[in-house]
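Visitor: Here the protein sequences come in this chain order: A and B. For the first sequence, the residue numbers in this note's numbering are 9 to 313. For the second sequence, the residue numbers in this note's numbering are 3 to 313.
No false leads were slipped in.
Calculated from the model, a selection of chain B residues having no Cβ within reach of chain A, i.e. all distances over 10 Å:
{"hint": "1", "residue": "His87"}
{"hint": "2", "residue": "Trp109"}
{"hint": "3", "residue": "Ala144"}
{"hint": "4", "residue": "Ala171"}
Partial pick of chain A residues on the chain B-facing surface, computed with a CB cut under 8 Å:
{"hint": "5", "residue": "Tyr111"}
{"hint": "6", "residue": "Leu115"}
{"hint": "7", "residue": "Leu142"}
Simulated from the structure, these hints should not be mistaken for laboratory data. All C-beta atoms, glycine included, are put in the ideal place defined by N, C-alpha and C.
Chain by chain, the residues run as shown.
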Amino acid sequence: GMVALLTTAPGQFRARLAQLELHRLRLTVASEHLPRIAAMAAPAGTLLVSWPSRCGPAQVWGGVTLRAGEIVTTGPGRLVQIRTSGPCRWCRISLPAAELGGYGRALKGAAFAVPHAMRCWRVPPAPFRRLSQLHEAAVRMTEERMEAGMDAATAHGLEQQVIHALVDCLSGPADVAPAAEERHQEIIADFAALVLARWRTDLPIGEICGELGISARLLRLCCERHLGMSPACYVRLWRMHRVRRALQGADPGSTGVAETARRYGFGDHGRFSGNYRALFGELPSCTLRTPGLAASRVGRPGRRA
Amino acid sequence: MIRTATDVDEFAAAIRTVGTVVTVTRRGDFVARLTRIDLHSVWMQRGEESLPRILQADHNPRRYGIAFASEPAPAFLWNGVVVQHTDIAIVAGSRTYSHRSSGPQRWGSMSLSIDTMQEIGAAVAGRDPAALHQALILTPPASAMARLRRLHAAAAHLAETTPELIADADAVRGLDQLLIHAFVSCLNEGQSRHERLAQGHHGIIIRRFRRQLEENPDRAIYLPELCAAIGVAERTLRACCQEHLGMSPKRYLLLRRLHLAHRALRDSTAAGSTVTEIATRYGFWELGRFAGAYRSLFGEPPSATLRRAPA
Numbered sequence: 009g010m011v012a013l014l015t016t017a018p019g020q021f022r023a024r025l026a027q028l029e030l031h032r033l034r035l036t037v038a039s040e041h042l043p044r045i046a047a048m049a050a051p052a053g054t055l056l057v058s059w060p061s062r063c064g065p066a067q068v069w070g071g072v073t074l075r076a077g078e079i080v081t082t083g084p085g086r087l088v089q090i091r092t093s094g095p096c097r098w099c100r101i102s103l104p105a106a107e108l109g110g111y112g113r114a115l116k117g118a119a120f121a122v123p124h125a126m127r128c129w130r131v132p133p134a135p136f137r138r139l140s141q142l143h144e145a146a147v148r149m150t151e152e153r154m155e156a157g158m159d160a161a162t163a164h165g166l167e168q169q170v171i172h173a174l175v176d177c178l179s180g181p182a183d184v185a186p187a188a189e190e191r192h193q194e195i196i197a198d199f200a201a202l203v204l205a206r207w208r209t210d211l212p213i214g215e216i217c218g219e220l221g222i223s224a225r226l227l228r229l230c231c232e233r234h235l236g237m238s239p240a241c242y243v244r245l246w247r248m249h250r251v252r253r254a255l256q257g258a259d260p261g262s263t264g265v266a267e268t269a270r271r272y273g274f275g276d277h278g279r280f281s282g283n284y285r286a287l288f289g290e291l292p293s294c295t296l297r298t299p300g301l302a303a304s305r306v307g308r309p310g311r312r313a
Numbered sequence: 003m004i005r006t007a008t009d010v011d012e013f014a015a016a017i018r019t020v021g022t023v024v025t026v027t028r029r030g031d032f033v034a035r036l037t038r039i040d041l042h043s044v045w046m047q048r049g050e051e052s053l054p055r056i057l058q059a060d061h062n063p064r065r066y067g068i069a070f071a072s073e074p075a076p077a078f079l080w081n082g083v084v085v086q087h088t089d090i091a092i093v094a095g096s097r098t099y100s101h102r103s104s105g106p107q108r109w110g111s112m113s114l115s116i117d118t119m120q121e122i123g124a125a126v127a128g129r130d131p132a133a134l135h136q137a138l139i140l141t142p143p144a145s146a147m148a149r150l151r152r153l154h155a156a157a158a159h160l161a162e163t164t165p166e167l168i169a170d171a172d173a174v175r176g177l178d179q180l181l182i183h184a185f186v187s188c189l190n191e192g193q194s195r196h197e198r199l200a201q202g203h204h205g206i207i208i209r210r211f212r213r214q215l216e217e218n219p220d221r222a223i224y225l226p227e228l229c230a231a232i233g234v235a236e237r238t239l240r241a242c243c244q245e246h247l248g249m250s251p252k253r254y255l256l257l258r259r260l261h262l263a264h265r266a267l268r269d270s271t272a273a274g275s276t277v278t279e280i281a282t283r284y285g286f287w288e289l290g291r292f293a294g295a296y297r298s299l300f301g302e303p304p305s306a307t308l309r310r311a312p313a
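In isolation and in its complexed conformation, chain A is listed as follows (with noise of 0.2 Å):
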């Protein structure tokens, strides 16, 4: 699921989040409350099959501006920047990449491949409706109707009946990537790796080109298409939520927020704290000063099978 979550709008973040798990699939309604940049990546032999709902601001998934109807599906290994301009929701489906082979060979003959890295699908309205009508539904079934869960023989039929939806939906030719599209993927899976492993240190932007081998206008426009912002923005906003993170779980009476800022590459107090507050709409006094504040937690835990 998702590694990393940087809301980029003040306001406490919340997020709504409708689980339900089947016995080998797990389907996902998401409501978010701010805008953010999220990296997600599926897990070993897992497919993730994502699409947002309802109108709303658009929704950048790998640098691909998502329409209605379409959807998006992320193989394993491949970590894909997924960026909100404002409250979205989407909903999401995750299963083992076998299962779905295995089903899909069985429906539409050897033809059917599980479709690997990240893919956009144009899906025709027909079956993209059966699939999102019956995924909206059992969701919504399940959270109001079913608090006692689901017996197996009723979890089984929402699956096969989801995959079969799930297959007629993929059976179509994906949207081919230009080249060009997919080295930009790699760039910003780079980048975001690097920033990962080392925003504790001075991040220059000549050094990051150099170890991405690239220009600073490519990682410039890379960066734009696919997070919204440069790449500087970027690591600032990164160590921005760290120390926001680190002040959520200091103690008041043994740290600073000067202190703090500065180890994490803030030197300059008062321009920080400004910075703080047009990011998260609170001065960082405020936020070492709310009790027990842990990082948000995100919606109810799902409902098992």
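Using the hints, position chain B against chain A.
Guide: For chain B alone, kept in the frame of chain A given last:
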């Protein structure tokens, strides 16, 4: 033996076939009347059903049989082939068959043992016995057809009104001979249609299809697992089902699930059962749509059926 069934499962069990699966395709109360008479060589059945249905069964390889509409009626589908009331459908050779009626109907059937068929083979002059086994549909001359129908109806009437006559060995033998004679006339002079060989591949698939249904009489079945179990792609299965059942496998499985849900609601004994529980168990996640489809088929909302349950 005469039996009236008001339940599809009762009916399926009563018909002299093996592995019978019956699916009703229109709303209403299914009532069926079945008469079975075993004479000396001839076994006969007459049926009367109130609703259109699809019947799939295995044919007994030791018998050679025929089936026909016992009065003028809309055509029915026999292994995917249209059969008019002027035709006879042949139940022999391929081990599986499907019969889809298009409305309430009255039908008759009769069969002889393969040995008897061989004995009378000489009488069926000018006909290659093998060809008789290959044919699927036979159109006898109108007079021969009418005679067969009359005799068949008369035999049944006799059995119902004067059962002691049927117990008399001589009377039985006499009736037997008359029927065989009428049967032979039809075969002799009939024009045959649709050689069975063409049915081969699809026949195998439909047989496997039905086997899956039989092995899971109480649970819902879905296309992914079905295609995996049969070993055929959805597109091919669709062609077979359109032929034999007159509808797509998806539609058929949906209809079947509706019937299973109906049975579960009707027979519910658990105190806390809800429509939601039963609907979702049989794969219906949009309750509004389920209620609509249910009502179309059974004439009442699912909640009404549940209210009447023994619990």
